[in-house]
Amino acid sequence: MVSKSSVIVGFCFIAIGLACMGSVRADVSHIAPAPVEDPVTDVCLSCICEASSGCDASLRCNGDVCGMFRITWAYWADAGKPVQQGDSPDSQNAYANCANEPYCAARTVQGYMRKFGQDCNGDGTIDCFDHAIVHKLGGYNCKNQVPIVYQSKIDECIQRKAVEFGVARQ
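So the sequence shown is residues -26 to -1, 1 to 144, counted in mature numbering (1 follows the signal peptide of the UniProt record, and there is no 0).
Since the hints were derived computationally from the structure, they do not count as laboratory data.
Where is the CB? At the ideal position from N, CA and C, for every residue including glycine.
Be a bit skeptical, because a hint or two may be false.
Unchecked claim - Taking lysine-lysine pairs in the DSS-like style, the calculated list, with each CA pair at most 30 Å apart, reads: (1) Lys55 to Lys117; (2) Lys89 to Lys127; (3) Lys117 to Lys135; (4) Lys127 to Lys55; (5) Lys110 to Lys89; (6) Lys89 to Lys55; (7) Lys117 to Lys89; (8) Lys110 to Lys55; (9) Lys110 to Lys135; (10) Lys110 to Lys127; (11) Lys117 to Lys127; (12) Lys135 to Lys89.
Claimed, not checked - Now the in silico label distances, taken between C-beta atoms and shown as ranges: (13) Asn67 to Asp30: 16 to 22 Å; (14) Asn36 to Asp97: 21 to 27 Å; (15) Val17 to Asp52: 21 to 27 Å; (16) Gly60 to Asp38: 22 to 28 Å; (17) Ser62 to Ser126: 36 to 42 Å; (18) Asp16 to Gln59: 18 to 24 Å; (19) Ser126 to Ser32: 19 to 25 Å; (20) Asp12 to Pro63: 18 to 24 Å; (21) Asp52 to Gln125: 19 to 25 Å; (22) Gly60 to Gln125: 37 to 43 Å; (23) Trp47 to Gly140: 15 to 21 Å; (24) Gln133 to Ala70: 30 to 36 Å; (25) Asp64 to Cys35: 29 to 35 Å; (26) Gly54 to Glu138: 29 to 35 Å.
Please model the entire structure based on the sequences and the hints provided.
Rendered as structure tokens:
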């Protein structure tokens, strides 16, 4: 015969078990979102840089663009306003400081592509060609005509890198 206290203890263990199982299935993605990989490869970043400015690290702000990726304030803001260590996104020089520094500028491109990366040329894949188009035309205009000089520089760079690394596309 099973005692009344054994039944109560058994129900307690079942209740605790169900409570634990429920907490395992809880959605906690809002607490600690999974890190997102960088969508643009280093090879592709180098081609975007090359097509944008010849990757001239001495370039600073000129008109409404800054740095070797020729980043605008709006692009930087859409990318999440990345900053150099010790800087604040709200500081007056944060945009120029970041866009003029190669690593921060590359993080800006990555952030922009996380937000706007898409299949611009309709080939069913998001690759370096698409990232280069989004970089040049913006996230809302990537279906538009790409300037031929920029497109040629991207194509040549990607072909050259593919030969260097022995792959078909980057």
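Hints and how they fare:
About 25 Å separates the Cα atoms of lysine 55 and lysine 117, which keeps this hinted pair within 30 Å; it holds. Restraint check for lysine 89 and lysine 127: satisfied, since their Cα atoms lie roughly 24 Å apart, inside the 30 Å limit. Restraint check for lysine 117 and lysine 135: the C-alpha separation of about 25 Å stays at or below 30 Å, so the hint holds. This hinted pair checks out: lysine 127 and lysine 55 have alpha carbons roughly 28 Å apart, not beyond 30 Å.
Taking the CA atoms of lysine 110 and lysine 89, the gap is about 15 Å. The hint holds against a cut of 30 Å. Between lysine 89 and lysine 55 the alpha-carbon distance is near 12 Å, which keeps this suggested pair within the 30 Å criterion. Taken as a hint, the lysine 117 and lysine 89 pair is honoured in the structure, with Cα atoms around 16 Å apart against an allowance of 30 Å. This hinted pair checks out: lysine 110 and lysine 55 have alpha carbons roughly 18 Å apart, not beyond 30 Å.
Of the pairs offered as hints, the one joining lysine 110 and lysine 135 holds, with about 20 Å between alpha carbons and a cut-off of 30 Å not exceeded. Restraint check: the Cα-Cα separation between lysine 110 and lysine 127 comes to about 12 Å, which is no more than 30 Å; the hinted pair holds. For a cut-off of 30 Å, the pair hint linking lysine 117 to lysine 127 stands: about 19 Å separates their Cα positions. Note on lysine 135 and lysine 89: the hinted pairing holds, with a Cα-Cα distance of about 26 Å set against a maximum of 30 Å.
A hinted range of 16 to 22 Å for the beta carbons of asparagine 67 and aspartate 30 is consistent with their spacing of about 21 Å. Asparagine 36 and aspartate 97 have their C-beta atoms about 34 Å apart, which leaves the hinted 21 to 27 Å range violated. Taking the beta carbon of each, valine 17 and aspartate 52 are about 23 Å apart, inside 21 to 27 Å as hinted. Checking the proposed 22 to 28 Å range against glycine 60 and aspartate 38 shows it holds: the Cβ atoms sit about 26 Å from each other.
In this structure, serine 62 and serine 126 meet the distance hint of 36 to 42 Å, their C-beta atoms being roughly 40 Å apart. Distance hint for aspartate 16 and glutamine 59: a CB-CB separation of about 21 Å, consistent with the stated range 18 to 24 Å. The hint said 19 to 25 Å for the Cβ distance between serine 126 and serine 32, and at roughly 24 Å that hint holds. Range check, aspartate 12 to proline 63: about 20 Å between beta-carbon atoms, so the 18 to 24 Å window is met.
The given range of 19 to 25 Å is respected by aspartate 52 and glutamine 125, whose C-beta atoms sit roughly 22 Å from each other. Glycine 60 and glutamine 125 have their C-beta atoms about 38 Å apart, which keeps the hinted 37 to 43 Å range intact. In this structure, tryptophan 47 and glycine 140 break the distance hint of 15 to 21 Å, their C-beta atoms being roughly 39 Å apart. Checked against the hint of 30 to 36 Å, the pair glutamine 133 and alanine 70 passes, with Cβ atoms roughly 34 Å apart.
Distance hint check for aspartate 64 and cysteine 35: the Cβ-Cβ separation is about 18 Å, which falls outside the suggested range of 29 to 35 Å. Taking the beta carbon of each, glycine 54 and glutamate 138 are about 32 Å apart, inside 29 to 35 Å as hinted.
Hint compliance for this structure: hints 14, 23, 25 are not met, and every other hint is.
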